[in-house]
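Asks: In the order they appear, the protein sequences are chains A and B.
First residue of the first sequence? That's 1 in the numbering used here, and the numbers climb one at a time after it.
First residue of the second sequence? That's 306 in the numbering used here, and the numbers climb one at a time after it.
Don't take each hint at face value.
[As the list claims (entries may be wrong)] Calculated lysine to any residue pairs in the SDA-like style (CA-CA distance at most 20 angstroms, straight line):
hint: 1; chain 1: B; residue 1: K499; chain 2: B; residue 2: I408
hint: 2; chain 1: B; residue 1: K398; chain 2: A; residue 2: S235
hint: 3; chain 1: A; residue 1: K256; chain 2: B; residue 2: V431
hint: 4; chain 1: A; residue 1: K131; chain 2: B; residue 2: V361
hint: 5; chain 1: B; residue 1: K398; chain 2: A; residue 2: V267
hint: 6; chain 1: A; residue 1: K131; chain 2: B; residue 2: W347
hint: 7; chain 1: B; residue 1: K499; chain 2: A; residue 2: E284
hint: 8; chain 1: A; residue 1: K114; chain 2: B; residue 2: I469
hint: 9; chain 1: A; residue 1: K155; chain 2: B; residue 2: T354
hint: 10; chain 1: A; residue 1: K155; chain 2: B; residue 2: F360
hint: 11; chain 1: A; residue 1: K155; chain 2: B; residue 2: K499
hint: 12; chain 1: A; residue 1: K131; chain 2: A; residue 2: E73
hint: 13; chain 1: B; residue 1: K398; chain 2: A; residue 2: L192
hint: 14; chain 1: A; residue 1: K155; chain 2: B; residue 2: A350
hint: 15; chain 1: A; residue 1: K256; chain 2: B; residue 2: V471
hint: 16; chain 1: A; residue 1: K131; chain 2: B; residue 2: G353
hint: 17; chain 1: B; residue 1: K515; chain 2: A; residue 2: E284
hint: 18; chain 1: B; residue 1: K398; chain 2: A; residue 2: V269
hint: 19; chain 1: A; residue 1: K131; chain 2: B; residue 2: P442
hint: 20; chain 1: A; residue 1: K131; chain 2: B; residue 2: K499
hint: 21; chain 1: A; residue 1: K256; chain 2: B; residue 2: K515
hint: 22; chain 1: B; residue 1: K398; chain 2: A; residue 2: V277
hint: 23; chain 1: B; residue 1: K398; chain 2: A; residue 2: G186
hint: 24; chain 1: A; residue 1: K114; chain 2: B; residue 2: N310
hint: 25; chain 1: A; residue 1: K249; chain 2: B; residue 2: P442
hint: 26; chain 1: A; residue 1: K155; chain 2: B; residue 2: Q356
hint: 27; chain 1: A; residue 1: K131; chain 2: B; residue 2: F360
hint: 28; chain 1: A; residue 1: K249; chain 2: B; residue 2: I462
hint: 29; chain 1: B; residue 1: K407; chain 2: A; residue 2: N280
hint: 30; chain 1: A; residue 1: K131; chain 2: B; residue 2: A352
hint: 31; chain 1: A; residue 1: K155; chain 2: B; residue 2: Q346
hint: 32; chain 1: B; residue 1: K407; chain 2: A; residue 2: R279
hint: 33; chain 1: A; residue 1: K209; chain 2: A; residue 2: L192
hint: 34; chain 1: A; residue 1: K27; chain 2: A; residue 2: G186
hint: 35; chain 1: B; residue 1: K398; chain 2: A; residue 2: A270
It should be emphasised that the hints constitute simulated quantities derived from the structure, not laboratory data.
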Amino acid sequence: MSAQDIILSSGTSTLAPAAQVRKKLSKIAKLFDATKCNGCKGCQVACSEWNDLRAPIGEFTGSYQNPADLSSECWTLMKFNEVTDENDKLRWQFTHSGCMHCDDPACLTACSTKDAIVQHANGIVNIDSDKCIGCGYCVTACPFDVPKLDEIDQKAYKCTMCSDRLQVGQEPSCVKSCTTGALKFGTREDMLFIADLRIKQLHEKGFTKAGLYNPQGVGGTGMMMILHDISQPESYGLPADPKTSLPIKLWQDVVKPLGAAGIIATVAVACLHRITVGRNVVDESDNDDDSEAIDHTHPTQSDKE
Amino acid sequence: MHKQNMILRHKLFDRICHWFIVAVGLVTFLTGFAFFFPSFQWLGAIAGTPQMARFVHPIAGLMMCLPLMLMLVRYYHHNKWEKNDLTWMLAIKDVMLENEDKIPAIGHYNPGQKVLFRTFVVTSIVLTVTGFMMWQPYFAHYFASTAIEWAILLHAICAVIMLIFVIVHFWMATWVEGSVAGMLYGAVSRAWCKKHHPNMLKDPELKTIKREKH
Ligand code: SF4
Ligand code: SF4
Numbered sequence: 001m002s003a004q005d006i007i008l009s010s011g012t013s014t015l016a017p018a019a020q021v022r023k024k025l026s027k028i029a030k031l032f033d034a035t036k037c038n039g040c041k042g043c044q045v046a047c048s049e050w051n052d053l054r055a056p057i058g059e060f061t062g063s064y065q066n067p068a069d070l071s072s073e074c075w076t077l078m079k080f081n082e083v084t085d086e087n088d089k090l091r092w093q094f095t096h097s098g099c100m101h102c103d104d105p106a107c108l109t110a111c112s113t114k115d116a117i118v119q120h121a122n123g124i125v126n127i128d129s130d131k132c133i134g135c136g137y138c139v140t141a142c143p144f145d146v147p148k149l150d151e152i153d154q155k156a157y158k159c160t161m162c163s164d165r166l167q168v169g170q171e172p173s174c175v176k177s178c179t180t181g182a183l184k185f186g187t188r189e190d191m192l193f194i195a196d197l198r199i200k201q202l203h204e205k206g207f208t209k210a211g212l213y214n215p216q217g218v219g220g221t222g223m224m225m226i227l228h229d230i231s232q233p234e235s236y237g238l239p240a241d242p243k244t245s246l247p248i249k250l251w252q253d254v255v256k257p258l259g260a261a262g263i264i265a266t267v268a269v270a271c272l273h274r275i276t277v278g279r280n281v282v283d284e285s286d287n288d289d290d291s292e293a294i295d296h297t298h299p300t301q302s303d304k305e
Numbered sequence: 306m307h308k309q310n311m312i313l314r315h316k317l318f319d320r321i322c323h324w325f326i327v328a329v330g331l332v333t334f335l336t337g338f339a340f341f342f343p344s345f346q347w348l349g350a351i352a353g354t355p356q357m358a359r360f361v362h363p364i365a366g367l368m369m370c371l372p373l374m375l376m377l378v379r380y381y382h383h384n385k386w387e388k389n390d391l392t393w394m395l396a397i398k399d400v401m402l403e404n405e406d407k408i409p410a411i412g413h414y415n416p417g418q419k420v421l422f423r424t425f426v427v428t429s430i431v432l433t434v435t436g437f438m439m440w441q442p443y444f445a446h447y448f449a450s451t452a453i454e455w456a457i458l459l460h461a462i463c464a465v466i467m468l469i470f471v472i473v474h475f476w477m478a479t480w481v482e483g484s485v486a487g488m489l490y491g492a493v494s495r496a497w498c499k500k501h502h503p504n505m506l507k508d509p510e511l512k513t514i515k516r517e518k519h
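Next up, chain B with everything else stripped away, as it sits in the complex (with noise of 0.2 angstroms):
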């Protein structure tokens, strides 16, 4: 096979500041399936005992949802909503089953990416208000006691919905080939374009990467 030009798909800000996300999260998210389902509380161990679990996982929370608010900024521009994404969503069936040519072609992020970066964003931001409202020893007495209940229930819904929505996210990762390696090196092929975002290509700012042939 060809070595060939590469495109940047993430720059490498973007790649560290994922990573950290990956890392930090899945700590909030092993320890914090600890005290949502006592019977996993053994998962809390990672952090060394429940109660070590319980005073990292607020902080290891903040430290997943504060570098996603970056990444909001980061990358806004490729998740507006675009003119084909409507038809693509419809054609949801066809994406999944890999019949490419009734697929719709979409830009940098295909509208089931938007989706999915826009729930990791409302979810992040609610799970840190309730969060902080839940938080002992530091901020939960500053809440009345029926705040806080209500706080800890949209917590955990929200979190449900964003561990459903880490496992689609790995789960689409690990399925288009090429993917994982974008997010770690950065670099996709064109032919990868060409199949998962045709539109692009077409971006004005698209920067190849230039690499020596053997």
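If we strip away everything but chain A, and leave its shape as in the complex, we get (with noise of 0.2 angstroms):
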């Protein structure tokens, strides 16, 4: 992964694109199915053995999710949601929770730092630890939650795809260890063509209302799953719309630009001004008033006053 394969650029404007990339390559994307997950964490220990993270132990807080949350170690988790179904059965939904790379990423978008986060030709979003400046704004942009601060260096961390392992032809980690073949890599194209395969057969078994969640408000994700019931994406922890949000393209697109012309327009005018009407000056000899009358012929009596 060249400069040249870079297609996205945080903090830079499309006026004055950098290296953009030339040739068309296919988008990648991982593929969960959530109706073969048993919830053995096995991706979730790759993920962090791959990557070297070691997220402190937590507590046993009533769920056999560990840890809490995603952390700047923890880029894999996964999500034990619990939800009754109609009989009030117990029943575990999980989630292979985790950047979605989305292709219209929102923490790209808010990102305040040039390049620190960047998007792939082939549709990963990667942090640049080096030119972070730890804002968070991607963080509070993030509509999956996904990007977290590092308590020690202060610099946003997430789920890399394992750029570094497709680098030299191997497919992330996670997907490696899948011990139910819940999880596959490929293409995105493939990915869609197999989850159109898998839904068609769980609607036969019965589960009507099985579906692929790639949600379209984010133009799509390199990170597809397959849900039991895709009426409630919530139930798995997932929100229903995701979308960059309103205050953010505010900002990024209307705020900006008019900030810049106003600023530009303001300065405009203070140069005519000061070009056409000059300088302000006051004429000292102007001294009709009575206090300044005396002042001046009696200069030496001022003190006295």
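Since each chain comes alone in its own frame, lean on the hints to assemble the complex.
Replies: Structure below.
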């Protein structure tokens, strides 16, 4: 993955684009099948092993999910969502949570720093911790609540889709380790095809609500999920309609250009005013005032005033 | 030119306060500009590195906004709306073009300066509150993401408004000869007052600085 592979870069202007990819690459994706996952956490452990992440050991809070949340030391987390069905039966719904590698990433849109977040031609969104300044804009903007600031170096971290492994032709470590075949990896096209087949199969088996989670609000994702019940993504801890939020859009697309225009216009008016009207100079000899008249005629007395 | 009695326009404490705000305000604005317009990230280098700019910005921001509240207390009485103010505002074109015979007499501050001052106070308050909400890593985690997103937007809007008013403030101050000196040394001449703030001379608390004549 070279600089030429980057198709989107935070904090840069489309008027003066950075090196742009010139060859078309197919987008890649991970496909998670929640209907096959048994919650073994193999992927979670593989992620921490490969990326050498050591999240502190948490406390037992009544859930098998551990740690409680994604963090700078936990990029892939098996979420144990407890749901009760119509017959009051408790069931787990597993979510392989981590960065979704959005096609239209809110984190990148919000990032204040040039090149700190980039999107590669194959669709992977990565944070360059070297450039990250720790403002946390991405943390706030991500509709999936994925990037997290590290407590030690105050920089944002998240799943890289094992870019280093992909570079040498390997699949992400989570996919490699999956024991049930619930995780698959390939081009987005292939993954959509496989998902389609699987969903048809599920429908035939009676899971009529099964569907693919590939939200279009963020332009589709590089991490797609087959869910038992696509009508209730919230029960998997997933937002129903994720997208770049209104304030972030207003801020980047309206306030910035308008602000720039306002600042430039003000400076321009100030300069014009200075050139046309000039300085406003006080005529110090204009002292028709009584006290000043005294001042003039008796300059030495001024101290006694 | 005769040296003449000067009028005290700004007390020492207020002057120190003002220039302190200017100094830390400069740091705040340059570092803030670096986050607002990433193409100007190099401006953040005044703090050393971009990370340092991110660290310094909220602290400098607080050091800019809090003394402004002090100025609010100290300048409050000068900034009340007076009777000539509306006519002055309506005559803004004559003010700008220096048609001085057409400008109504005003006091210690003209309505333009009052509007400026109020804007600084209001934007400072909003910037401080929203700034706390987005301050990583100390305070942001107390707030919901949606709240922080709106805070970021408001913070940006207020920063732009404040910057535009700072430019106006700077431009007017350098336009009117004697006002920068007044803010630096505290004193302005009687003729200056007569020209720009005639009603100020009626102020019973007016203080004259006596000077030796040479
Ligand atoms: S899931 Fe969040 S962090 Fe990942 S690309 Fe999308 S917006 Fe960015
Ligand atoms: S924390 Fe880092 S990556 Fe996230 S928005 Fe700020 S600079 Fe960008």
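Asks: With reference to the structure, classify each hint as holding or not holding.
Replies: How the hints compare with the structure:
1. B:K499 / B:I408: 12 angstroms, holds
2. B:K398 / A:S235: 63 angstroms, violated
3. A:K256 / B:V431: 18 angstroms, holds
4. A:K131 / B:V361: Since the Cα atoms of K131 of chain A and V361 of chain B sit roughly 17 angstroms apart, the hinted pair holds (cutoff 20 angstroms).
5. B:K398 / A:V267: Within the cut-off at roughly 18 angstroms; holds.
6. A:K131 / B:W347: 13 angstroms, holds
7. B:K499 / A:E284: 10 angstroms, holds
8. A:K114 / B:I469: 25 angstroms, violated
9. A:K155 / B:T354: 14 angstroms, holds
10. A:K155 / B:F360: 12 angstroms, holds
11. A:K155 / B:K499: It is violated: about 57 angstroms lies between the C-alpha atoms, which goes past 20 angstroms.
12. A:K131 / A:E73: Since the Cα atoms of K131 of chain A and E73 of chain A sit roughly 19 angstroms apart, the hinted pair holds (cutoff 20 angstroms).
13. B:K398 / A:L192: 66 angstroms, violated
14. A:K155 / B:A350: 18 angstroms, holds
15. A:K256 / B:V471: 18 angstroms, holds
16. A:K131 / B:G353: 14 angstroms, holds
17. B:K515 / A:E284: 17 angstroms, holds
18. B:K398 / A:V269: 13 angstroms, holds
19. A:K131 / B:P442: Holds, at about 17 angstroms.
20. A:K131 / B:K499: 56 angstroms, violated
21. A:K256 / B:K515: At roughly 51 angstroms apart (the allowed maximum being 20 angstroms), K515 of chain B and K256 of chain A break the hint.
22. B:K398 / A:V277: 12 angstroms, holds
23. B:K398 / A:G186: 68 angstroms, violated
24. A:K114 / B:N310: Judged against 20 angstroms, a Cα distance of about 56 angstroms means the pair is violated.
25. A:K249 / B:P442: 24 angstroms, violated
26. A:K155 / B:Q356: Holds - the C-alpha atoms of Q356 of chain B and K155 of chain A are around 9 angstroms apart, at most 20 angstroms.
27. A:K131 / B:F360: Within the cut-off at roughly 14 angstroms; holds.
28. A:K249 / B:I462: Answer holds: K249 of chain A to I462 of chain B is near 13 angstroms, not above 20 angstroms.
29. B:K407 / A:N280: 15 angstroms, holds
30. A:K131 / B:A352: Given pair K131 of chain A, A352 of chain B holds - Cα atoms ~16 angstroms apart, limit 20 angstroms.
31. A:K155 / B:Q346: It holds: about 17 angstroms lies between the C-alpha atoms, which stays within 20 angstroms.
32. B:K407 / A:R279: 18 angstroms, holds
33. A:K209 / A:L192: 17 angstroms, holds
34. A:K27 / A:G186: Judged against 20 angstroms, a Cα distance of about 9 angstroms means the pair holds.
35. B:K398 / A:A270: 14 angstroms, holds
Hints 2, 8, 11, 13, 20, 21, 23, 24, 25 from the earlier list are contradicted by this structure; the remaining hints agree with it.
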